[in-house]
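Q: Residue-level listing of the chains:
Protein chains: 2
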Amino acid sequence: MTGRRPGEEGLIARFFRPLATSPGAALLLDDVATVPHVEGRELVVTTDAIVAGVHFFPDDPADAIARKALRVNLSDLAAKGARPAGYLVTLALPRDWTVDWLEGFVEGLAADQEEFGVSLLGGDTVRTPGPLWISVTALGYAPEGHVPRRNGAAPGQRLYVTGTIGDAALGLLLRQDESLALTWDLRRADKEWLLDRYLLPEPRLSLAGVVSAYATASMDISDGLVGDAGKLASASRVGALIDASRTPLSRAASRAVAADREALAVALTGGDDYELLLAIDPDDADAFESDAAAAGVPVTDIGALVEGGGVSVEANGRPLDLGAGSFAHF
Amino acid sequence: MTGRRPGEEGLIARFFRPLATSPGAALLLDDVATVPHVEGRELVVTTDAIVAGVHFFPDDPADAIARKALRVNLSDLAAKGARPAGYLVTLALPRDWTVDWLEGFVEGLAADQEEFGVSLLGGDTVRTPGPLWISVTALGYAPEGHVPRRNGAAPGQRLYVTGTIGDAALGLLLRQDESLALTWDLRRADKEWLLDRYLLPEPRLSLAGVVSAYATASMDISDGLVGDAGKLASASRVGALIDASRTPLSRAASRAVAADREALAVALTGGDDYELLLAIDPDDADAFESDAAAAGVPVTDIGALVEGGGVSVEANGRPLDLGAGSFAHF
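Going down the list, the sequences are from chains H and S.
Going by the working numbering, the first sequence opens with residue 1, and the numbers climb by one from there.
Going by the working numbering, the second sequence opens with residue 1, and the numbers climb by one from there.
Isolated chain H, as found in the complex (with noise of 0.2 Å):
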């Protein structure tokens, strides 16, 4: 069943409102949305826009596309110590759209709202003679003068990662060859994994609050580790050094690196991790590490920020050459 397909009216009315929880969003019945002032609190805002074809599959499930629009960018927030106030939403919808793919993708933005806690504050629908994209921009409380920056790192400060490094780009990989599967010698289970790290994010929100009170500098991981860690590290005027045998990878990655050796290079430099890189006083490390396992998401030391510039990777004490070094999208 595809359904008759309403005009903009209908379909804000059909599928967008229902979103509109904040008081606000005014119902989506305005122009603009209300963002309250919150004592104590900055408000902080992000844009980040995904297009089919390029950042993710068309074919891909259209919940998976809405909420992968939606983390991207709560993953920004999570990584400056701030809450999600609300989010608004463009969607741009080639000629071909259908009822059906739309359900999914509100069901996939709803889905989202309720496990993060966030509420969609307004939007735009426009037809695209292109392919579908979604352009979010999200907003968001943080603890006023403690948002934490790219640019705060200090020589003999530990850099942490949350989660695990390299699922996603292994996962777009075996997106596009199966064979690799034969190759990594992986599981049905790690298979899957590693494509649904790709497929979503996990945005750290519940990390926000440890962000807040601990990092000197942060900043999310999109465009791969050892790239993201070279722009942390050149806005803080420092050099960071990275120990890629205590980064931390999945089962899956694992047995993909045991298995082909470029499968490393892949996990620190590909992207889509949207995993969060913090810089954390030595002296602060055992109490983030205690609150960080408070809040329910691993963290792990994986090296330094020293004087110099630039990015070393290590691997037991030797240098590793991991080749270009970092993924862009653009």
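Among the clues, some could well be false.
Heads up, the list lumps identical chains together, so a pair's fine if it works in one copy or across two of them.
[What the hints assert, rightly or not] In silico EDC-like links for lysine to aspartate or glutamate, alpha-carbon gap of 16 Å or less:
no.: 1; residue 1: 191; residue 2: 115
no.: 2; residue 1: 231; residue 2: 8
no.: 3; residue 1: 191; residue 2: 178
no.: 4; residue 1: 231; residue 2: 9
no.: 5; residue 1: 231; residue 2: 103
Read the hints as simulated data drawn from the structure, not as lab findings.
Assemble chain S onto chain H, guided by the hints.
A: Structure of chain S alone, referenced to chain H:
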């Protein structure tokens, strides 16, 4: 000269960083922008996207495309009596983009930043296999508790518009069919006026303070006067009565209407005016008109809100049949 195309980082540094004049933009070196709280002001947010071939012509000048993308958003702020706090822009570039084009685009943004006193806060650049598109999110400050919505109008109130109506819709037709200049008996300056009004909307930000002070309901007219008056009336659960003979037309539009009766329907129902539609209490009408004149924005009383529902259009006391009634970009 097309010049060498930089990667995303170089592109931000060279083209967009100079636009990030607000401290909250952190020179676009971070993942989020901060938006300061202003005492007694309420933060409002809106988003609108434009797509090549749908909302503008691919061969429009790059600076005009940029300005239109920004201005359709600033127009929403003006309609809510808000002054701009800043904006975020996502630009999706097709494969064949050139440095020349991007220079023009950025010059357009820079000119409007100067004209409207607004700073770039952040954004995203992506590539697309389809046509170029731009998504803008604009943030603004409105007097706390004085944001006029669409639903505040009451029977007996007057209906006002700013500027002149219908120029952009006529300009679009003219752009699609140059021979209409003859049909409409246009002078060269008239033709250019109509084309320009389609190309470059005029956000009525200088009226923002007057809107806050007097409007009981307000919106910008993007989908045609009659259709949008219907939306405002419907949100307010009232009817609207528009006197077509009092609706302000430019000299160019007047010539078109005098020569071609169908041009009147186009002017009253066509899209892209980006003028404001305001409901004003009759007791405030004199003060409103005089304050609007002081702000340098022409306003015209074109009718009234009445009991009931729907929109009636009259000319010299007789009903006018306009056909479809509203233009939809979607």
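Q: Going through the numbered hints above, which ones does this structure break? Give me the numbers in ascending order.
A: Hints 1, 5 contradicted; others consistent.
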